[in-house]
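Engineer: Those sequence lines, one after another, are chains A and B.
All you need for my numbering is the position in the first sequence, starting with 1, plus 3.
All you need for my numbering is the position in the second sequence, starting with 1, plus 3.
Since the hints were derived computationally from the structure, they do not count as laboratory data.
Be a bit skeptical, because a hint or two may be false.
Claimed, not checked - Simulated pairs of lysine-lysine, DSS-like, Cα-Cα distance not exceeding 25 Å:
| hint | chain 1 | residue 1 | chain 2 | residue 2 |
| --- | --- | --- | --- | --- |
| 1 | B | Lys14 | A | Lys88 |
| 2 | A | Lys77 | A | Lys23 |
| 3 | A | Lys87 | A | Lys55 |
| 4 | A | Lys55 | B | Lys77 |
| 5 | B | Lys14 | A | Lys14 |
| 6 | A | Lys72 | A | Lys16 |
| 7 | B | Lys23 | A | Lys77 |
| 8 | A | Lys87 | B | Lys53 |
| 9 | A | Lys72 | B | Lys14 |
| 10 | B | Lys14 | A | Lys87 |
| 11 | A | Lys55 | B | Lys53 |
| 12 | A | Lys72 | B | Lys88 |
| 13 | B | Lys55 | B | Lys14 |
Quantities reported herein were computed from a predicted structural model and do not represent experimental measurements.
Number of protein chains: 2
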Amino acid sequence: MLTWVIYDIVKDKPRTQVAKTCQRAGIMRVQYSVFLGDLNANEIDELGLKIKALIDEETDRVYIFPMCKEDFSKVRLLGEAFDKKLVTNEIRELFV
Amino acid sequence: MLTWVIYDIVKDKPRTQVAKTCQRAGIMRVQYSVFLGDLNANEIDELGLKIKALIDEETDRVYIFPMCKEDFSKVRLLGEAFDKKLVTNEIRELFV
């Protein structure tokens, strides 16, 4: 499923580690603290566990949103929700 | 549909206005810059247009994610994704 990972992580080191973990999971950065990509249920579980181990659960926030195609088509992105410098054609095509 | 509104708005005034607009639309705050509630397609359109008129599209970011029940049940929230002080029983029950 197309899965969004949106985070707000206070400290630099775990923030960088979470970004690297998302990249390694094969999802793509679409904004400084937003990743998007296709993951199956197991991959989502695994990514959730890895992120959980990195963050400070008292201060940090991570939202993982898996979406079916129908819901994905209803997503609205306003303003600079996508950093045009970061987004690949592969991601852009999801919104055509 | 259960709809998440997640924003990152640079200036205080439009940030406050967006929060008020979400509240008036009938959705509830679950974190400083995250709202959640049940909206129909028209209400989502209307909320999107209102928010668009408030933000600076060059700097601000707003994500509106409508979710079917099945997708909603797959959402993962890590860390302080919900501010326990803000969240009502109504919202808590969605996750039981």
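Engineer: Against the earlier hints, flag every one the structure doesn't satisfy and list their numbers going up.
Structural biologist: As far as the earlier hints go, 2, 3, 6, 9, 11, 12 are violated by this structure, in ascending order.
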